[in-house]
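**Q** Each chain is listed here by its residues.
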Amino acid sequence: MKNDVPMTETELHAYVDGQLDEARRAAVDAYLATNPAEAERVRAYTRQNEQLHALFDGTLDEPVPETLRIQPARRTPVFMRYAALFAVAVMGGVLGWTLRGEEPLTITANLPQQAALAHVVYTPEVLHPVEVGAQEETHLVSWLSKRLGAPVHAPHLSDAGYELVGGRLLPGETGPAAQFMYQDVRGNRLTLYVRTTASNNRETAFRYAQEDKVGVFYWVDGTFGYALSGEIEKPQLLRVAESVYRELNP
Amino acid sequence: MPDTNLFDEHIPRLRRYARALTSDRAQADDLVQDCLARAWEKLSLWQRGTDLRAWLFTILHNLYVNDLRRRKNHPELLTLDDEALDAPRRATQEDGLGLRDLQAALNRLPLDQREVLLLVGLEEMSYEEVAKTLGIPIGTVMSRLSRARERLRAQLNSTGPALRRVK
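These protein sequence lines map, in sequence, to chains C and H.
Take the first sequence: its letters are residues 1 to 250, numbered as in my numbering.
Take the second sequence: its letters are residues 1 to 167, numbered as in my numbering.
No lab work stands behind these hints: they were computed from the structure.
Bear in mind that the values here come from a model prediction, so they are computed numbers and not experimental data.
Please note that a few of the clues may not be correct.
Okay, derived cross-link-like pairs now, DMTMM-like style, lysine to aspartate or glutamate, Cα gap no bigger than 20 Å in a straight line [stated by the list, open to error]:
hint: 1; chain 1: C; residue 1: K234; chain 2: C; residue 2: E211
hint: 2; chain 1: C; residue 1: K234; chain 2: H; residue 2: E128
hint: 3; chain 1: C; residue 1: K234; chain 2: H; residue 2: D51
Distance windows between CB atoms, simulated [unchecked claim]:
hint: 4; chain 1: C; residue 1: H156; chain 2: H; residue 2: E124; range: 30 to 38 Å
hint: 5; chain 1: H; residue 1: D51; chain 2: C; residue 2: E163; range: 22 to 30 Å
hint: 6; chain 1: C; residue 1: A150; chain 2: H; residue 2: L45; range: 46 to 54 Å
hint: 7; chain 1: H; residue 1: E41; chain 2: C; residue 2: K146; range: 47 to 55 Å
hint: 8; chain 1: C; residue 1: P250; chain 2: H; residue 2: T50; range: 25 to 33 Å
hint: 9; chain 1: H; residue 1: N73; chain 2: C; residue 2: A26; range: 49 to 57 Å
hint: 10; chain 1: H; residue 1: P110; chain 2: C; residue 2: G58; range: 24 to 32 Å
Every residue gets a Cβ at the ideal spot worked out from N, C-alpha and C, and that includes glycine.
Whenever a hint applies, use it, and build me the whole structure from the sequences.
**A** As structure tokens, this is what we get:
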């Protein structure tokens, strides 16, 4: 584009708002260099943006009043409905769902806490994050299956942006447990904690628990209890949890 | 332990936007509180994978519009503050002059233009996000933005040369 091509109004605004790519930005620069009136207009708009920030950005640093942080009384039930609803929508109704309190506590007792604990212990490890690396995946899976006494699988989460780092065996409250570790390109780590459950053939909806900074989605599927832990935002974690579920139930 | 943080990271921005929209601290926080309460109620309607921030801003927008409509139908609900907003505030310091003029001019903008201007200029949403948030076509976003900026520019220019010194 040459600088004698008139800019569209939209492009001038996009220029002000930093929403143009580099090539168009350069074209607008060239255009403004030869159109002082338009350049003045663009400067005025830019100043408006700066002044808006100057006027109102102070609010961002104010402490948030407690009234805005306190959850409404209805919040928990609504959230549980939401978790259940997601599970139902995502699994196409395959998952039976129950609300908290309607099932024996033993199935998921301490599951998120144990998983979050294992997560914070091992994810910071630089040298030995896992016992067996992903390059020995077959060995890893057969070893863990043998120790847990049931066939475990290491789901592939590449579609969700996470690659298997490896896994390890952990002591659990009811017997051995397994931890698979995943990592994205930026080095963020998620762990999938797997343990066997006493009762079987039960399925639950995804549940969510927050253990300090670690978010955990956990569920029971057949003879296994699963817990996916990560220090990422809940919607993202949920997406990965859904991938895990899909991978384990092809 | 149910999650209690889903909306927390968005609260400061919701407050900033509400403050800019209403020019009234208390009214702004009431608006944000209503918005969060409504959001918790309607959480099941939030579509997974869509932008949570845009969704929250949409709720806040709807509440504010409804609130204004109610006040319009019941003028007795209008507070003194609302009247006071229309009068430009006198600057106390020269440095703040441009800013106060801007605030006054902002308050005189029609609501639909003010919203677009704030979502773009302050919240730094993309034009597409603004269209989604307000439920209007992107062409409408652009025309409102254009009119808002021109209107502010005209008003600020007429208030004198002091403005030109701000940045």
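**Q** For every hint, state whether the structure bears it out.
**A** Evaluation of the provided hints:
Distance restraint check for C/K234 and C/E211: the Cα-Cα separation of roughly 12 Å lies within the 20 Å cut-off, and the hinted pair is therefore satisfied. In summary, the hint linking C/K234 to H/E128 is not supported, as the alpha carbons are separated by about 24 Å, beyond the 20 Å threshold. Taken as a hint, the C/K234 and H/D51 pair is honoured in the structure, with Cα atoms around 13 Å apart against an allowance of 20 Å. At about 37 Å, the CB distance of C/H156 to H/E124 agrees with the hint of 30 to 38 Å.
Take H/D51 and C/E163: their Cβ atoms lie about 27 Å apart, and the range 22 to 30 Å holds. A hinted range of 46 to 54 Å is violated for the C-beta pair C/A150 and H/L45, which are about 39 Å apart. Under the hint 47 to 55 Å, the C-beta atoms of H/E41 and C/K146, about 49 Å apart, fit the expected range. At roughly 27 Å, the beta carbons of C/P250 and H/T50 sit within the given window of 25 to 33 Å.
Between H/N73 and C/A26 the C-beta distance comes to about 52 Å, which sits within the given range of 49 to 57 Å. For H/P110 and C/G58, the Cβ-Cβ distance of about 26 Å falls inside the hinted range of 24 to 32 Å, so the restraint holds.
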